[in-house]
Amino acid sequence: MKIMFYSQGISRSTPRSADRHVTLETDQDNRLGKAADRPRGRMTRRGALALFVLPLVATMVRPADAKPLRVVCLDDGLAETLLMLGVTPVAVADREVWEKWVVEPPLPPQVADIGTILEPNLEFLQQLRPDVILSIPYLDGIKPLLERVAPVTTIGIYTPDGQPYQRAIEATRQLAALVGRESEGEALIAATEAHFSDVRQRLAPLSERPIYVVSFLDPRNARVYGEKSLFQAVFDRIGIRNAWTGETNYWGFATVGIDGLATSDDARLAYLEPLPEGAGGTLTESPVWNAMPFVRNRSIMRLAPVLMFGTLPSASRFARLLAQALTTEPAGG
Numbered sequence: 085m086k087i088m089f090y091s092q093g094i095s096r097s098t099p100r101s102a103d104r105h106v107t108l109e110t111d112q113d114n115r116l117g118k119a120a121d122r123p124r125g126r127m128t129r130r131g132a133l134a135l136f137v138l139p140l141v142a143t144m145v146r147p148a149d150a151k152p153l154r155v156v157c158l159d160d161g162l163a164e165t166l167l168m169l170g171v172t173p174v175a176v177a178d179r180e181v182w183e184k185w186v187v188e189p190p191l192p193p194q195v196a197d198i199g200t201i202l203e204p205n206l207e208f209l210q211q212l213r214p215d216v217i218l219s220i221p222y223l224d225g226i227k228p229l230l231e232r233v234a235p236v237t238t239i240g241i242y243t244p245d246g247q248p249y250q251r252a253i254e255a256t257r258q259l260a261a262l263v264g265r266e267s268e269g270e271a272l273i274a275a276t277e278a279h280f281s282d283v284r285q286r287l288a289p290l291s292e293r294p295i296y297v298v299s300f301l302d303p304r305n306a307r308v309y310g311e312k313s314l315f316q317a318v319f320d321r322i323g324i325r326n327a328w329t330g331e332t333n334y335w336g337f338a339t340v341g342i343d344g345l346a347t348s349d350d351a352r353l354a355y356l357e358p359l360p361e362g363a364g365g366t367l368t369e370s371p372v373w374n375a376m377p378f379v380r381n382r383s384i385m386r387l388a389p390v391l392m393f394g395t396l397p398s399a400s401r402f403a404r405l406l407a408q409a410l411t412t413e414p415a416g417g
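Note that my numbering numbers the sequence shown so that position 190 is 274, with each residue one more than the last.
In case anyone wonders, no lab produced these hints; they're calculated from the structure. Be careful, since some hints might not be right.
Derived Cβ-Cβ restraints for the label pairs, each shown as a range [as the list claims (entries may be wrong)]: (1) Leu229 <-> Glu277: 19 to 27 Å; (2) Arg382 <-> Pro289: 27 to 35 Å; (3) Lys227 <-> Glu183: 22 to 30 Å; (4) Pro289 <-> Asp215: 48 to 56 Å; (5) Gly323 <-> Gln258: 48 to 56 Å; (6) Val372 <-> Lys227: 23 to 31 Å.
All values derive from a computational prediction rather than experimental measurement. We treat Cβ as the ideally placed atom computed from N, Cα and C, and that holds for glycine.
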């Protein structure tokens, strides 16, 4: 029996700038020589969960008399945190990537695009007159160029110690202090934890069977997320077992052939959009694919795009989308 992908709404071509998220770990491994393998008032539980009702929006409001800080952000994870704090960056890198891979919170139309993450338009950047440029360790090579324009604050989420969720909490507090939104930062952290608690209760009856989470590279290969990934941190908090227990790289995933996902007979599989061009149709014609236990058991779920290298907003989005898939799709049984 063939198990067809749900292809509605899937981009039939990989975004030009999607390399930032699809091949980021390859660039990082090369660069590192393969060595990097007080709230203002009490927030109620209902109020916290309200932060994560579709669609995600930044609900906090900065005082009207405060001068806004002009922030250019070169990392989407840091940018999504800023938006949830109620601060809109003046510019980001690769806006096209946001529309395809981040999705929410929505990026306001006035946010400028300064070009690619590794080769930002420095002349345009200078014209924007930022007060601060937010960067990540991955971009340390261009930091001297950026510092000619404005002070650079580097915040690392994905580091060799493999604790992206804890570092995302620390980054939230650091960013909140930078932009004067400390109470909003604490509210975001509390809301994220409350959301995980709620999802954990909802999924308790479905928690026995493990789940693979993958991004397909082509009809034969996929990236499967495990230890050191943001998705593993979410699994740990919502009570779901990861079917992938093998090694992962610096960024929290392993690149495997499709047959490498046959390590668990009762596992379900959740795959992230967008799919590479032609992958869906070719996969369903593959004998190897059709021999996979999760294909035979009709245990496949499609997930809308989630920033795999994100921060707290991406973690919450992943938990919400996974819960929806498990509780509404036939594969969620």
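Task: Unmet hints by their number, sorted upward, for this structure - done: Result: hints 1, 2, 5, 6 break, sorted rising.
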